[in-house]
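Trainee: Sequence:
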Amino acid sequence: MSLNKVILIGNVGREPDVRYFDSGNAVANFTLATNERGYRLANGTEIPERTEWHNIVAGRDRALFVERHVHKGSLVYVEGKIRTRSYDDASGNKRYITEIYADRIEFFSLGGRRPQDAEHAGDSSV
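Numbering (this note's numbering) for the sequence shown: 261 to 386.
Simulated crosslink set (EDC-like; lysine to aspartate or glutamate; CA at most 16 angstroms straight-line): (1) K332 x D277; (2) K265 x D363; (3) K265 x E339; (4) K332 x E275; (5) K265 x E359; (6) K341 x D363; (7) K341 x E359; (8) K332 x E366.
Just so you know, these hints were derived from the structure itself, not from any lab.
Remember, it's a predicted structure, so these values are computed and weren't measured experimentally.
The whole structure should be built from the sequences, with the hints applied where relevant.
Mentor: In structure tokens form, the structure reads like this:
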């Protein structure tokens, strides 16, 4: 048995890039920042806060939701799976990109209330 599931809550780093295909399908790409708090070790060494940037890919209905509602700075909940792809750059070097394929995207409320239906997209496959 195996499981590939990611849950992230963070701030959108740039305006999403939404692309449409001849088939009518759409895909949205954006970056999401998550932070790990800084801390102090027992010996007094300070470990600074760390920001991790995630590449998010949202297809179909989620892409339309992202296009209409998600903007730079938005606090969002993303649930999905990790995928890695590769390509050869201009110099012939193999490059790898790790992306989160979103199955669900919601606005995240710090007040604890559940987002309304109009504020989320999800559950259909990418």
